[in-house]
Amino acid sequence: MKIAFLAAAAIALTATGVTAEIVKPQDVAYVDGAVATSLTGTPGNAENGAVIMNKGAGNCIACHEVTALNHLPFHGEIGPMLDGVADRWSEAELRGIVANAKIMFEGSMMPSFYKTSGFTRLGDAYTGKAHPEGEVKPLLTAQEIEDVVAYLMTLKYD
Amino acid sequence: AACVAAGANAEPDTDQLVVNEEIEMITEAAAPAHTENLSTVYSGWRFRADETQALQMDDFENPAMIFVEAAAEVWSTADGTKGNSCASCHEDVESLRGVRAVYPKWNEAAGEVRTLEMQINDCRENQMGADKWKYTGGDMTNMTALISSVSRGMPVNVAIDGPAQSMWEQGKELYYTRTGQLELSCANCHEDSYGMMIRADHLSQGQINGFPTYRLKNTKLNSVHARFKGCVRDTRAETFKPGSADFVALELYVASRGNGLSVEGPSVRN
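Protein sequences, first through last, are from chains A and B. The working numbering puts the first sequence at residues 1 to 158. The working numbering puts the second sequence at residues 1001 to 1270.
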């Protein structure tokens, strides 16, 4: 009874903690292009990260080749191959690159996945129409960024 | 594993384009001086797969040719209050040989840079008393295909100086502006990354010497501005309107980047 109550309280705590702790795109603190703390406080899910690499607004393999995702067709060649990327970059650096690569790599062609302002002729997704007044959603949510970072952390040579 | 795109087909291939065993196309040329960041310009044909390339090598295989034939009929069909057809004034369409190669072009009397589409609509309205065609509509694109077809093989030679210059500058500005939520410019894909794969697409230099283009993807003729619109949309941006001054400027600029390549339209792409 007591244990069950504690467990429930813990879940409630994490739940409130999660909403309270989500860092908004405009509040992300970049230090030399890296972001030290999680955007959500909830560990990333690497499996979902792998899905985002291939789909939707992530679609990272449009530009990057990843050997571990060889079962998926058509990897692009615009950015570097991501094999071993976790050997080259720390988790904080990867978080910064995925959230806004243009801070780490000035003028990069890589889209800024966690950014909501400063665009020219912002459209409403792929409709070709102007973005309506109001809130702009980043390409990936805070948790999706964490999921992708968790996936990238699995890309090690050893 | 089979589908991972490797460097094998990254660069433009070395195939040569001869249409109907007769028209020798220049698909590779020294970049014009005003195309500062490229040393060589290539037709989009050079980046396509052999099977797609083959379709453009023979008019009997080229799916765009039925649209050219449709336009040839319209050419000599009277329309509008004045009872004229295109043929009433221009006789055989061959009389317009060379026109495609120099458009968009400054029109002194009108005081504006005109695309082929604008000129055709001007003739329809003022010379024929007929309704304008929709800028990217079927009638219009078919007619541009017919007019282009008689210039095939001639080098694109669009003028960018004199009164056209300010519009050319405007087009250049647009070409290098990163738009939409993906913040990509034409140059990001077609100047910095041509020859590379972006997902399943082999990026060309985005030249327009082949327009209008029959695309296997949508099985129809595609006009220049329709293509521009698609590319801008794909940056998650608000597009410009086909026929707008912005797209006319962009067309003038992009056309000039291909000066020296042969007019290929109607071409075949995927």
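Honestly, I wouldn't trust all of these hints.
What the hints assert, rightly or not - No farther apart than 35 Å at their CA atoms in a straight line, the calculated lysine-lysine pairs in the DSBU-like style are these:
1) A:129 <-> B:1082
2) A:55 <-> B:1105
3) B:1082 <-> B:1217
Unchecked claim - A few chain A residues facing chain B, derived, Cβ under 10 Å:
4) 23
5) 24
6) 28
7) 78
8) 129
9) 141
Unchecked claim - In silico contact screen, one side only, chain B against chain A (beta carbon under 10 Å); selected entries:
10) 1016
11) 1020
12) 1026
13) 1069
14) 1073
15) 1075
16) 1076
17) 1180
18) 1181
19) 1182
20) 1183
21) 1189
22) 1196
23) 1198
24) 1217
25) 1227
Don't read these hints as lab results, they were simulated from the structure. Beta carbons are placed, not taken as given, at the ideal position from N, Cα and C, and that holds for glycine.
Here's how the hints hold up against the structure:
For the proposed pair residue 129 of chain A and residue 1082 of chain B, the alpha carbon gap of about 39 Å is over 35 Å, so the pair is violated. A C-alpha spacing of about 43 Å is found between residue 55 of chain A and residue 1105 of chain B, which places the hinted pair above 35 Å, so the restraint is violated. Restraint check for residue 1082 of chain B and residue 1217 of chain B: the C-alpha separation of about 39 Å exceeds 35 Å, so the hint is violated. For residue 23 of chain A, the interface hint is violated, since its Cβ never comes within 10 Å of a Cβ in chain B; the closest pair sits about 19 Å apart.
Interface restraint check: residue 24 of chain A against chain B, minimum CB-CB distance 17 Å, threshold 10 Å, status violated. Hint status for residue 28 of chain A relative to chain B: violated, with the closest Cβ pair at about 17 Å, above 10 Å. Annotation: residue 78 of chain A was flagged as interfacial toward chain B, and the flag holds, the nearest CB pair being 5 Å apart, inside 10 Å. Because the closest C-beta pair between residue 129 of chain A and chain B is about 6 Å apart, less than 10 Å, the hint holds.
Hint status for residue 141 of chain A relative to chain B: violated, with the closest Cβ pair at about 14 Å, above 10 Å. Proximity of residue 1016 of chain B to chain A is violated relative to the hint, the smallest CB-CB distance being about 26 Å (cut-off 10 Å). Hint on residue 1020 of chain B is violated. Least Cβ distance to chain A is approximately 34 Å, over the 10 Å limit. Interface hint status for residue 1026 of chain B: violated, as the beta-carbon distance to the closest one in chain A is roughly 28 Å, over 10 Å.
At a threshold of 10 Å, the smallest CB-CB gap from residue 1069 of chain B to chain A is about 32 Å, leaving the interface hint violated. The beta carbon of residue 1073 of chain B comes no nearer than 33 Å to any beta carbon in chain A, farther than 10 Å, and the hint placing it at the interface is violated. Given hint, residue 1075 of chain B at the interface with chain A, is violated; its Cβ is 33 Å from that chain's nearest Cβ, farther than 10 Å. The interface hint given for residue 1076 of chain B is violated, since its Cβ lies 37 Å from the closest Cβ of chain A, which is over the 10 Å cut-off.
Using the Cβ-Cβ criterion of 10 Å, the hint placing residue 1180 of chain B at the interface with chain A is satisfied: the shortest such distance is roughly 5 Å. The beta carbon of residue 1181 of chain B is positioned within 10 Å of a beta carbon in chain A (closest approach about 6 Å), and the interface hint is therefore held. Because the beta carbon of residue 1182 of chain B sits about 5 Å from the nearest beta carbon in chain A, less than 10 Å, this interface hint is met. Of the supplied interface hints, the one on residue 1183 of chain B holds, with its beta-carbon coming within about 6 Å of a beta-carbon of chain A, less than 10 Å.
Annotation: residue 1189 of chain B was flagged as interfacial toward chain A, and the flag holds, the nearest CB pair being 8 Å apart, inside 10 Å. The criterion of a C-beta within 10 Å of any C-beta in chain A is met by residue 1196 of chain B, whose closest approach is roughly 5 Å, and the hint holds. Residue-level restraint check for residue 1198 of chain B holds (minimum Cβ-Cβ distance to chain A is 5 Å; threshold 10 Å). Taking 10 Å as the C-beta cut-off, the interface hint given for residue 1217 of chain B is violated, the closest approach to chain A being about 15 Å.
Violation of the interface hint for residue 1227 of chain B is found here, the shortest Cβ-Cβ separation to chain A being roughly 13 Å, above the 10 Å cut-off.
Violated hints, in rising order: 1, 2, 3, 4, 5, 6, 9, 10, 11, 12, 13, 14, 15, 16, 24 and 25; the structure is consistent with all others.
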